[in-house]
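A.B. asks: Line by line, the protein sequences give chains A and B.
According to this note's numbering, the first sequence is numbered sequentially starting from 1.
According to this note's numbering, the second sequence is numbered sequentially starting from 384.
In short, the hints are calculated from the structure, not lab data.
Built from N, CA and C at the ideal position, the CB exists for glycine as well.
The reader is advised that the hints may include incorrect statements.
Residues on chain B that point at chain A, a partial pick, calculated with CB under 10 Å [as the list claims (entries may be wrong)]:
1) Leu430
2) Val444
3) Ile481
4) Arg508
5) Gly513
6) Phe516
7) Phe518
8) Ile522
9) Leu537
10) Pro539
11) Arg545
12) Ala585
Each chain, written out:
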Amino acid sequence: MLTLRFVLRNLARHPLRNALTVLGIAISIMAFGLLRTTVEAWYVGVSASAANRLVARNAISLVFPLPIAYAGKIRAVEGVTHLSWGNWFGAYYVDEKNFFANFTVDMRSYLDLYPEYVIPDDQKAALLRDRKGMAVGQRLARRFGWKPGDTVPLKGTIYPGDWNVVVRAIYTGRYPNTDETQAFFHWEYLNERMKVEQPARADRVGFYMIGVDRAENAARVAGDIDARFRNSLAETLTETEQAFQMGFISMSEAIIMAIRLVSGIVIVIIMAVAANTMAMSARERMGEFATLKALGFGGGYVALLVTGEAMALSLLGGAAGCALSVPVAWVIAHVLGDYFPVFLLSGETLALQGAAAAVVGLVAGAVPAWRARRVRIADVLGR
Amino acid sequence: MNRARESSVPPRSAEQGGTPDMDAAPGAASGTAPFLAQSRTASPPILLQSVSKAYRRGAQVVPVLTSVNMAVAPGEFLALMGPSGSGKSTLLNLIAGIDRVDAGSIHVGETDITTLDDADLARWRSRSVGFIFQFYNLIPVLNALENVELPLLLTPLSGRERRERARTALAMVGLSDRMDHYPGQLSGGQQQRTAIARALVADPDILVADEPTGDLDRVSAGEILDLMSGLNRTMGKTIIMVTHDPRAAERAGRVLLLEKGELADAHA
Ligand SMILES: Nc1ncnc2c1ncn2[C@@H]1O[C@H](COP(=O)(O)OP(=O)(O)O)[C@@H](O)[C@H]1O
Ligand SMILES: [Mg+2]
């Protein structure tokens, strides 16, 4: 305990210098955590994917559709328990700037396949009843102030024209990482209008969503589906929902890499700063270390003092950084909610922040501790 | 070659002057400090044989000590004098085991400390040698009691026992009322007394002091010297003290002169 008091009081010896170092570590650890959370937010579609869901799409490209006639054949594949389908709709609301994710789906089967979209029973019934009915995530509803019963005039882009849909259901996410910023309405409604307005585009779907009995069977089922449509006019590419989501992210891989790199650099910089503080602190005290050694303390004890001080410094900063991250992440989630459907500081990120702080302490203390360990008594003490 | 010869400075007799600090401390000599009393007869003799030491300055080798022979009897109070740069501190450091000889041997009792490895030498120091430095070398962030307790971390004593002993040692140097003061809150003399308590607390046989009064005013210096000669007389501690203050040397039982790396009679 005397040793602990010794270490802690040394921290108080240069209050300003150490406070600034702790502040620097706190901010770096916070930045590290927030950058990591940003990357996680990017991957939210991937992490929210279920292992027993597959996506089948046109093998050539996502922009080419598949015939609705495939549904029966897919359903017949062994291991398929659920089947739904839909299209990316890509409409905007009032102004092109008001971008949000919207698509059409085969509603009943889609809701069966996505139990994480939680809808009150009465709203669900109303949604299924109304062919122009639309389900929206609660964050999206809050953003535009939509309530059940509101008619929403959507401007079509991929499917030109005015689409007056009616908000019938507002879903909430079952899990923290469930995306609550999406909207989807009936594929039937789209298809009916296509039959009239652009018959060539009728009876087409952008993707099939497939539920598999067991996650272990996913790969086999995907293979069976693709085999079934090989050499047909529209070949399919079936992959897990996770791989499908990953495909979107790979487009922004460079940005994500850059963010990862920056979060690493932040830690390296703060390591250098903390190491400098520790080097100064240790250099001032070489006489003290030599005295301790003269008294019979080993190099290990002296190194422990330095390492302990570096650890105390960085863990203090790390704790402050983690504590700061929570409210700041909350603010970001609310201010940038339009861009990040989910911005959540995960337990894993908090653990990594703590680990990063510990590594900063160890690295910062290493060289000064080594020097202190090797200090030669007679060289330092008064002659 | 060089042989240490006894000087003719008469040892101060016990009756002369007494030791105010020791007297001021309740139960200083023994009584409450049984752990400090046992060393009275146990101090080992110290014997240096053909000790040489040189420092390298760039490509140049600077000899500091050349084949020094010297003997210190158990319980002796020895003063080492000599001009600055003559190697007094070097010699003291070798005897105290914080520096290494180039050649020769240093026996303390049965042990030739020049043959010990670093870890064994550190262990030997913690048990056998108490250090008193010119600039006290107290730990500024620890209070007087904690400073004195520090060396006992190397013993198997419990925290309670350690503090008990540290209190006793501080009482012996007359600082019972300053235990929770930090070095910065103590005068030079009080700091040096704290350092002496720290040197004593593990009950070593030998005390080494490098210019212990060099940084003190005359009155404080006198008190420190009184304290040291009291420890020598009442507890039988062997003391080797480097000084160039004749008044300090006067307190020693014997004075050795070191000049150009060689020992000589103090009155040569
Ligand atoms: N660590 C060292 N490195 C190089 N030279 C040293 C070292 N320690 C002492 N010396 C040299 O050795 C000589 C004796 O030093 P020292 O024992 O401190 O003398 P004193 O204590 O008698 O003044 C001096 O010339 C000093 O410069
Ligand atoms: Mg000297």
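A.B. asks: Are any of the numbered hints broken by this structure? If so, which, sorted upward?
C.D. replies: Going through the list in order, the structure violates hints 1, 2 and 10 and respects the others.
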